[in-house]
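Enquirer: Based on these hints, arrange chain B on the given structure of chain A.
Listed below are the residues making up each chain.
2 protein chains.
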Amino acid sequence: MLRQVDLSVELSKPAYKERMAKLQLTLGELQREARTLNIPIMLVFEGWDAAGKGTMINKLLMALDPRGFNVYSTNAPTEEERLRPFLWRFWIRVPARGRLAIFDRSWYGRVLGDRVDQKLPPSEWQRAYEEINAFERQMADDECVIVKFFLHIGKAEQKKRFKKLLKNPSTVWKVTSDDWRNHKQYRAYEKAVDDMIERTHTPWAAWTVVEAEDERFAAAKIFAAAISALQKKIAQVKAGKRASWKTLPRRHFTLSPPKSIDLSASLTKEEYEDQIEGLQKRFRDLEHRLYMYRVPLIVAYEGWDAAGKGGNIKRLVSRLDPRGYEVIPIAAPNDVEKSRHYLWRFWTHVPKAGHIAIFDRTWYGRVMVERVEGLCRPDEWQRAYNEINDMEAQFVDSGAVVVKFWLEIDKDVQLERFNERKNNPYKMWKITDEDWRNRKKWDLYRKAIDDMIRLTGTKRAPWTVIEANSKYYARIKTLRTVIAAVEKRLKEYE
Amino acid sequence: MLRQVDLSVELSKPAYKERMAKLQLTLGELQREARTLNIPIMLVFEGWDAAGKGTMINKLLMALDPRGFNVYSTNAPTEEERLRPFLWRFWIRVPARGRLAIFDRSWYGRVLGDRVDQKLPPSEWQRAYEEINAFERQMADDECVIVKFFLHIGKAEQKKRFKKLLKNPSTVWKVTSDDWRNHKQYRAYEKAVDDMIERTHTPWAAWTVVEAEDERFAAAKIFAAAISALQKKIAQVKAGKRASWKTLPRRHFTLSPPKSIDLSASLTKEEYEDQIEGLQKRFRDLEHRLYMYRVPLIVAYEGWDAAGKGGNIKRLVSRLDPRGYEVIPIAAPNDVEKSRHYLWRFWTHVPKAGHIAIFDRTWYGRVMVERVEGLCRPDEWQRAYNEINDMEAQFVDSGAVVVKFWLEIDKDVQLERFNERKNNPYKMWKITDEDWRNRKKWDLYRKAIDDMIRLTGTKRAPWTVIEANSKYYARIKTLRTVIAAVEKRLKEYE
Numbered sequence: 005m006l007r008q009v010d011l012s013v014e015l016s017k018p019a020y021k022e023r024m025a026k027l028q029l030t031l032g033e034l035q036r037e038a039r040t041l042n043i044p045i046m047l048v049f050e051g052w053d054a055a056g057k058g059t060m061i062n063k064l065l066m067a068l069d070p071r072g073f074n075v076y077s078t079n080a081p082t083e084e085e086r087l088r089p090f091l092w093r094f095w096i097r098v099p100a101r102g103r104l105a106i107f108d109r110s111w112y113g114r115v116l117g118d119r120v121d122q123k124l125p126p127s128e129w130q131r132a133y134e135e136i137n138a139f140e141r142q143m144a145d146d147e148c149v150i151v152k153f154f155l156h157i158g159k160a161e162q163k164k165r166f167k168k169l170l171k172n173p174s175t176v177w178k179v180t181s182d183d184w185r186n187h188k189q190y191r192a193y194e195k196a197v198d199d200m201i202e203r204t205h206t207p208w209a210a211w212t213v214v215e216a217e218d219e220r221f222a223a224a225k226i227f228a229a230a231i232s233a234l235q236k237k238i239a240q241v242k243a244g245k246r247a248s249w250k251t252l253p254r255r256h257f258t259l260s261p262p263k264s265i266d267l268s269a270s271l272t273k274e275e276y277e278d279q280i281e282g283l284q285k286r287f288r289d290l291e292h293r294l295y296m297y298r299v300p301l302i303v304a305y306e307g308w309d310a311a312g313k314g315g316n317i318k319r320l321v322s323r324l325d326p327r328g329y330e331v332i333p334i335a336a337p338n339d340v341e342k343s344r345h346y347l348w349r350f351w352t353h354v355p356k357a358g359h360i361a362i363f364d365r366t367w368y369g370r371v372m373v374e375r376v377e378g379l380c381r382p383d384e385w386q387r388a389y390n391e392i393n394d395m396e397a398q399f400v401d402s403g404a405v406v407v408k409f410w411l412e413i414d415k416d417v418q419l420e421r422f423n424e425r426k427n428n429p430y431k432m433w434k435i436t437d438e439d440w441r442n443r444k445k446w447d448l449y450r451k452a453i454d455d456m457i458r459l460t461g462t463k464r465a466p467w468t469v470i471e472a473n474s475k476y477y478a479r480i481k482t483l484r485t486v487i488a489a490v491e492k493r494l495k496e497y498e
Numbered sequence: 005m006l007r008q009v010d011l012s013v014e015l016s017k018p019a020y021k022e023r024m025a026k027l028q029l030t031l032g033e034l035q036r037e038a039r040t041l042n043i044p045i046m047l048v049f050e051g052w053d054a055a056g057k058g059t060m061i062n063k064l065l066m067a068l069d070p071r072g073f074n075v076y077s078t079n080a081p082t083e084e085e086r087l088r089p090f091l092w093r094f095w096i097r098v099p100a101r102g103r104l105a106i107f108d109r110s111w112y113g114r115v116l117g118d119r120v121d122q123k124l125p126p127s128e129w130q131r132a133y134e135e136i137n138a139f140e141r142q143m144a145d146d147e148c149v150i151v152k153f154f155l156h157i158g159k160a161e162q163k164k165r166f167k168k169l170l171k172n173p174s175t176v177w178k179v180t181s182d183d184w185r186n187h188k189q190y191r192a193y194e195k196a197v198d199d200m201i202e203r204t205h206t207p208w209a210a211w212t213v214v215e216a217e218d219e220r221f222a223a224a225k226i227f228a229a230a231i232s233a234l235q236k237k238i239a240q241v242k243a244g245k246r247a248s249w250k251t252l253p254r255r256h257f258t259l260s261p262p263k264s265i266d267l268s269a270s271l272t273k274e275e276y277e278d279q280i281e282g283l284q285k286r287f288r289d290l291e292h293r294l295y296m297y298r299v300p301l302i303v304a305y306e307g308w309d310a311a312g313k314g315g316n317i318k319r320l321v322s323r324l325d326p327r328g329y330e331v332i333p334i335a336a337p338n339d340v341e342k343s344r345h346y347l348w349r350f351w352t353h354v355p356k357a358g359h360i361a362i363f364d365r366t367w368y369g370r371v372m373v374e375r376v377e378g379l380c381r382p383d384e385w386q387r388a389y390n391e392i393n394d395m396e397a398q399f400v401d402s403g404a405v406v407v408k409f410w411l412e413i414d415k416d417v418q419l420e421r422f423n424e425r426k427n428n429p430y431k432m433w434k435i436t437d438e439d440w441r442n443r444k445k446w447d448l449y450r451k452a453i454d455d456m457i458r459l460t461g462t463k464r465a466p467w468t469v470i471e472a473n474s475k476y477y478a479r480i481k482t483l484r485t486v487i488a489a490v491e492k493r494l495k496e497y498e
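Protein chains in written order, with this note's numbering: chain A, 5 to 498; chain B, 5 to 498.
The list treats identical chains as one, so a pair stands whether inside a single copy or across any two.
No farther apart than 30 Å at their CA atoms in a straight line, the calculated lysine-lysine pairs in the DSSO-like style are these:
#1 168 - 356
#2 273 - 17
#3 123 - 356
#4 342 - 356
Derived by calculation from the structure, the hints in this document are not laboratory data.
As the structure is a prediction and not an experimental result, all values here were calculated from the model.
Chain A extracted, bound-state conformation (with noise of 0.2 Å):
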């Protein structure tokens, strides 16, 4: 493929000088549009080392209002970043809709120097291109713009400039042993880049190859790429045309039938006390050896309402260290939040690898309050299911245990918890008007959970359904359902 690419294309300057100041203006305009349909945009650059991306962003960047934009240079991954799945760095960088984001080399270090150094597996190079594609669809689902660059130089060229920057006593610091060990391994890489373009090359974010030997011939590329792809979307909108794709390469998930529950399941207070300290402590002396083993564990809270899953978490946490574990309450989004991907916020509360996230309530709010009271599309809730699975696979990948709890009590007790709530002046802040709504709603809700139970329990992120009728019963069986799930993770350490 970048073979067949001609290098010795060029612009002459006068021509580049017309060309650019039209090209300049059209972008500008562009981007204040975007930024008014509430568009985000991502510009993403990858290329040979001395390619000139960084000309080039800042070419880009002269014509964009900086009020809308972002660049995020990715270099190595700091101790955060690889401490949580890879595509992590990214998702917490995703523009809110209006915005623009310039990533100067991305995600596809994964595929590109991951891969040629040898630093990873083969398998886990190759399941990226699986998670990158996956990662730029639901961008793109969400009506975001991905422009894709590949600058490209020949390797006589790059040599050229290498030696050019080191004559300049103020950039001979940019030219490094690793940027000549790359340069020697220039075939290698070809052919790693050759592979990225074939295989991420989508309808929904497609590669762009830049001849960059000319510097001028780039940028004219560069912004006509840019302008069109803006154009193409911006007048899908104005259309009220949304996103879509033929083509669906999504990942499959085996998915594991439902069980069916007896709610009747109960512990007398003295079943419970006798059980309950003893798990408690085997569960901290899990919490030390998920962090000794570096293990994260994701645990998540969803259930009826006065459920009891906010008790049960008490009783989860109680006697663990608070510098391992955090507990994610999840309410309505706030404007932040609400300004971007669904998902986004639950990445930003990834743990750490040995730290433990508990969230109290989840991204299953998709599926269930945004369907059930119409605070999304149809075509949105649906299309969850799948971007649950996959998000939840990338954790479990990445090395963590996810653990499931959907707290089911039947609705003569969840009225029973309701007026005791009412009628006790400690608990009376626990009960709101929202609840008494919902419960009107019983069965939208009921359908809601059993097709999510139904789509989202797979094998490696299986449900839990607690029978929470007896309280007693429900927080032993949460306890002992995480503490079995990390114990099992964790013989594969010990």
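Expert: Quick look at chain B alone, frame taken from chain A:
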């Protein structure tokens, strides 16, 4: 101080149970009340290794609504953190109004471990007392409740606890060689703790030394202290009173008198074109050298509407490598920003050492637009001069070059530019009704600007007033000013 503490105090199990039940209920209620009243809370835990900070924090958490707090564990700073002022990582974690932040170890590491282990020259940790007092004072002035605990155990008790941890295979890793080294330096630490308490025990952020050999006694004391501080603040807020303290231990800043300026200064197009490219290239070289020597640069732009800030910034950065700089446009705060201390959002943008941050409008909004438009109270903007001087002093102390520009034009030139924008289809978007409204308040703004330049033009973070009737002149002068400031600093390295 620590030596006088009687560590033999105890609380019996039945007394503890009875007392704790009440304390938990009270604290939970106060947390909800603080949320309703929008009171932010910081609980700071310091103490000997193995004094039980984790256990105590977890006991607190059990009484709290998880939707209202965050716990932050402070470890050795990451690279991201080391490359910024030492308070940066705490500033970005201050609680939103109505929320509670618990710090498990904190900014006091600076005057404890860093001091005792001689990780810093004495001048740096000594300066930290001032920086810490100013930081806490700023939070307290913003109605934040700050409660600081030092968990105290004797040397013999510490040894006993280490040995116990070593007996359990799950906790053996918790006792490190560092811990034993600290243990051996118990006396040196004791002196550092005494100094710390003496120098940072302030009316707005008092220390509570907790006798922590008896876990029950410690827990009850911690709850009682937190409750009492909260009750006091809640009563105050309900009575409509504001935070106020008699003592005012501020840092003193040397101010430079503002210079008079001549707005007729100008450059022809030719003079401009002769100079601009050379200066831009020189600045690009400096960008590389800033990076090489890890010196951060902060450029703050303020100026009248239509003074040409945007175009000026573009010329400043147009030849830079985008990996090394960021332009941060400051608009009205969003709701996440509004719910925190007004300086919080600027702290989140402090550049890493070696990087350049250019603020298009700044924290000076507090003493200009917020003052003139009545968006904050008079006592708030009056206090801000000192707060801002303090923040900038921290930037400079941590190694940054700080350059501040005020772009001055006269009223006629502004009118001319407004009209030009109104009539040019490519510039129309730049002019809003707000600009016309602000123009009507020219004299009020004039007064605010003069005060600002007079009260925040410090020796180390001086203002440069730019004669901006001539855009050409202004662009050349800002570039020259930045270059001179950077070159002056880099002389220390070269």
